[in-house]
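Undergrad: Read top to bottom, the protein sequences are chains A and B.
Residue 166 in this note's numbering is what sits at position 166 of the first sequence, and the numbering runs on without skipping anything.
Residue 496 in this note's numbering is what sits at position 268 of the second sequence, and the numbering runs on without skipping anything.
Derived by calculation from the structure, the hints in this document are not laboratory data.
Don't be surprised by glycine CBs; every beta carbon is placed ideally from N, CA and C.
Mixed in with the good hints there might be a few duds.
[Claimed, not checked] Covered by chain B, according to a simulated footprint, are these stretches of chain A (three or more residues, beta-carbon under 8 Å):
{"no.": "1", "region": "77 to 89"}
{"no.": "2", "region": "199 to 207"}
{"no.": "3", "region": "220 to 227"}
[What the hints assert, rightly or not] Far from chain A by the CB rule (all over 10 Å, computed), these chain B residues:
{"no.": "4", "residue": "Asp-270"}
{"no.": "5", "residue": "Phe-292"}
{"no.": "6", "residue": "Ala-294"}
{"no.": "7", "residue": "Lys-306"}
{"no.": "8", "residue": "Asp-308"}
{"no.": "9", "residue": "Lys-363"}
{"no.": "10", "residue": "Ala-367"}
{"no.": "11", "residue": "Asn-395"}
{"no.": "12", "residue": "Gly-419"}
{"no.": "13", "residue": "Thr-453"}
{"no.": "14", "residue": "Lys-456"}
{"no.": "15", "residue": "Asp-474"}
{"no.": "16", "residue": "Glu-491"}
Here's the letter readout for the chains.
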Amino acid sequence: MSEIINAFFQAINLIVSLDPEVIEITLRTMFISLSSTFFAALIAIPLASLIHFNKFRGKRSVMNVIQTLYSLPTVLVGLLVFLLISKSGPLGNLSLLFTPGGMILGQTILVIPTVIGFSIIGLRGVKEEIKELALSLGASNLQTVTTIMGEAKYALLGAIILGFGRAISEVGVALMIGGNIRGYTRVITTTMSLETQKGNVELSIALGIILLSIALIVNLILNQVQER
Amino acid sequence: MDTKYILLAVAVVAIVVVAGVYVSGYGQAQTLKIATTTSLEDTGLLTVLESEYEKKYPNVDVQFIAAGTGQALEYGKKGDVDLVMVHAKTSEEKFIADGFGTNRTIFAYNYFYIVGPATDPANINGSNATSAFSKIGTAGAANPTEVMFVSRGDNSGTNTRELQIWNKTDLNYTTEVQGQPWYIESGKGMGDTLILANEKSAYTLSDSGTYLAFKGNLTLTAIVTQGKDLLNIYSLIPVNPAKFPDVNSEDAQSWIAFVTSAEGQKIIGDYGVDKYGQQLFIPIAGQPEPTS
Numbered sequence: 001m002s003e004i005i006n007a008f009f010q011a012i013n014l015i016v017s018l019d020p021e022v023i024e025i026t027l028r029t030m031f032i033s034l035s036s037t038f039f040a041a042l043i044a045i046p047l048a049s050l051i052h053f054n055k056f057r058g059k060r061s062v063m064n065v066i067q068t069l070y071s072l073p074t075v076l077v078g079l080l081v082f083l084l085i086s087k088s089g090p091l092g093n094l095s096l097l098f099t100p101g102g103m104i105l106g107q108t109i110l111v112i113p114t115v116i117g118f119s120i121i122g123l124r125g126v127k128e129e130i131k132e133l134a135l136s137l138g139a140s141n142l143q144t145v146t147t148i149m150g151e152a153k154y155a156l157l158g159a160i161i162l163g164f165g166r167a168i169s170e171v172g173v174a175l176m177i178g179g180n181i182r183g184y185t186r187v188i189t190t191t192m193s194l195e196t197q198k199g200n201v202e203l204s205i206a207l208g209i210i211l212l213s214i215a216l217i218v219n220l221i222l223n224q225v226q227e228r
Numbered sequence: 229m230d231t232k233y234i235l236l237a238v239a240v241v242a243i244v245v246v247a248g249v250y251v252s253g254y255g256q257a258q259t260l261k262i263a264t265t266t267s268l269e270d271t272g273l274l275t276v277l278e279s280e281y282e283k284k285y286p287n288v289d290v291q292f293i294a295a296g297t298g299q300a301l302e303y304g305k306k307g308d309v310d311l312v313m314v315h316a317k318t319s320e321e322k323f324i325a326d327g328f329g330t331n332r333t334i335f336a337y338n339y340f341y342i343v344g345p346a347t348d349p350a351n352i353n354g355s356n357a358t359s360a361f362s363k364i365g366t367a368g369a370a371n372p373t374e375v376m377f378v379s380r381g382d383n384s385g386t387n388t389r390e391l392q393i394w395n396k397t398d399l400n401y402t403t404e405v406q407g408q409p410w411y412i413e414s415g416k417g418m419g420d421t422l423i424l425a426n427e428k429s430a431y432t433l434s435d436s437g438t439y440l441a442f443k444g445n446l447t448l449t450a451i452v453t454q455g456k457d458l459l460n461i462y463s464l465i466p467v468n469p470a471k472f473p474d475v476n477s478e479d480a481q482s483w484i485a486f487v488t489s490a491e492g493q494k495i496i497g498d499y500g501v502d503k504y505g506q507q508l509f510i511p512i513a514g515q516p517e518p519t520s
């Protein structure tokens with residue numbers, strides 16, 4: 001037990017002393033996961049509104065598929081993207097395997113269903129009267145859509161943050177696509193896994209604390225925004 | 229209105245692709261991607277070699293992808309790395325014969341150790357590797373709660389060697405070893421496997437480098453450490469540029485030249501002596517392959 005407490009204090013020390021390796025890995029993790037969340041949001045929110053604002057056959061099945069993909073296994077995405085961007089794969093000449101770009105691609109795919117699904121739920125939450133009011137005031141279809149999306153903006157933000165949480169905490173894509181290259185594709189989760197294996201628990205604990213703190217900060221900001 | 233959304237989606241996909249290519253550093257400074265065994269990476273040797281090499285070749289960024297030998301060779305077969313550093317001669321020779329690699333250069337060796345609890349419940353002390361495995365198998369079958377063996381089970385170089393040794397014993401691997409209650413497959417790297425064996429007070433086969441690097445955290449002792457069957461030779465194989473024109477063949481060659489140079493060999497021979505009290509790797513470049 002004293003060993004764990006000791007390691008915990010050393011971890012705190014690593015953070016407080018701004019250990020260069022800890023900082024570097026944290027910044028890289030933020031960059032990769034923020035980029036993938038950004039791209040995922042760019043794709044997912046238009047798709048979500050397309051699905052929400054249009055009536056079509058099989059809409060319910062589409063929703064079922066999206067909800068199933070919430071639990072898309074990270075290692076499955078890792079495997080598929082690996083096969084896709086490997087030199088011997090169809091996108092091999094992009095040279096994306098074992099690069100941050102490849103990791104962003106994988107995490108984007110991973111996160112898209114979550115953002116689409118929760119965006120649709122958010123749009124559904126906007127009261128029907130608002131749509132009717134907008135239409136009765138002579139709004140065009142596009143104006144109606146933007147009004148409703150404006151009403152749902154906090155729910156949409158929540159969906160994006162949920163996606164970010166999935167991206168930053170996953171290890172399957174990061175390991176299989178990134179290859180855990182020191183100083184290049186090594187992120188918080190893959191470092192924790194490797195350093196624990198090497199018996200270096202202090203660094204792992206420090207990074208674990210940082211990962212939780214990021215989640216906490218993001219949620220505090222979200223709450224702050226929503227309360228306004 | 230629908231077409232607007234579709235156009236937007238297309239534009240977004242285009243942005244993703246362009247940005248992805250951009251951050252991947254496509255077409256920028258040269259990188260040398262090396263798939264390596266976990267045993268070389270876990271000991272920390274590669275970090276030292278990398279920093280010395282990059283002093284000589286500052287425009288090359290060496291990147292290591294640590295995997296088992298089986299997986300490292302798979303990366304090579306797909307052309308995803310420029311060079312492999314591995315330790316399973318039979319698989320290496322097949323890799324070259326199939327045209328994926330050009331040639332095999334040996335650069336270091338050490339021994340596999342059969343490690344286990346100090347009480348040595350299967351009484352293997354003094355045996356050679358084959359009879360030690362036989363004894364573990366027989367004792368494990370008789371008393372699976374006392375005598376256990378942890379296998380990597382991951383097609384790594386160490387796992388390949390372990391299977392070769394089982395096949396030399398009088399036990400049938402598929403019916404008398406694999407799946408037996410005393411035989412545990414970890415499916416993990418060497419470090420994790422040592423920790424698992426330590427928790428279970430089980431025997432395992434480890435490369436000496438990783439064992440020595442982890443020894444401080446383990447109660448396991450090295451019981452059988454010598455003999456032809458335990459010889460562990462590491463080699464370098466560049467991925468064949470005739471098969472994969474994109475590979476960084478030039479830097480792969482300069483890396484091999486550096487690792488096998490007097491300077492590189494000295495780094496390998498000295499590595500770990502101050503920290504672990506003994507050599508982790510014995511340099512061997514330019515010499516005949518050891519046989520015992």
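Undergrad: Hint by hint, say whether it matches the structure.
TA: Each hint tested on the structure:
1. 77 to 89: holds (count 4)
2. 199 to 207: violated (count 1)
3. 220 to 227: It is violated: at least three residues are needed, and the region 220 to 227 of chain A offers just 0 whose Cβ sits closer than 8 Å to chain B.
4. Asp-270: Violated, because the least Cβ-Cβ distance between Asp-270 (chain B) and chain A comes to about 6 Å, which does not exceed 10 Å.
5. Phe-292: violated (6 Å)
6. Ala-294: violated (7 Å)
7. Lys-306: violated (4 Å)
8. Asp-308: violated (5 Å)
9. Lys-363: holds (30 Å)
10. Ala-367: holds (29 Å)
11. Asn-395: holds (29 Å)
12. Gly-419: The claim is violated: Gly-419 (chain B) sits with its nearest Cβ about 5 Å from chain A, within 10 Å.
13. Thr-453: holds (22 Å)
14. Lys-456: holds (30 Å)
15. Asp-474: violated (7 Å)
16. Glu-491: holds (22 Å)
The structure is inconsistent with the numbered hints 2, 3, 4, 5, 6, 7, 8, 12, 15, although it conforms to all the rest.
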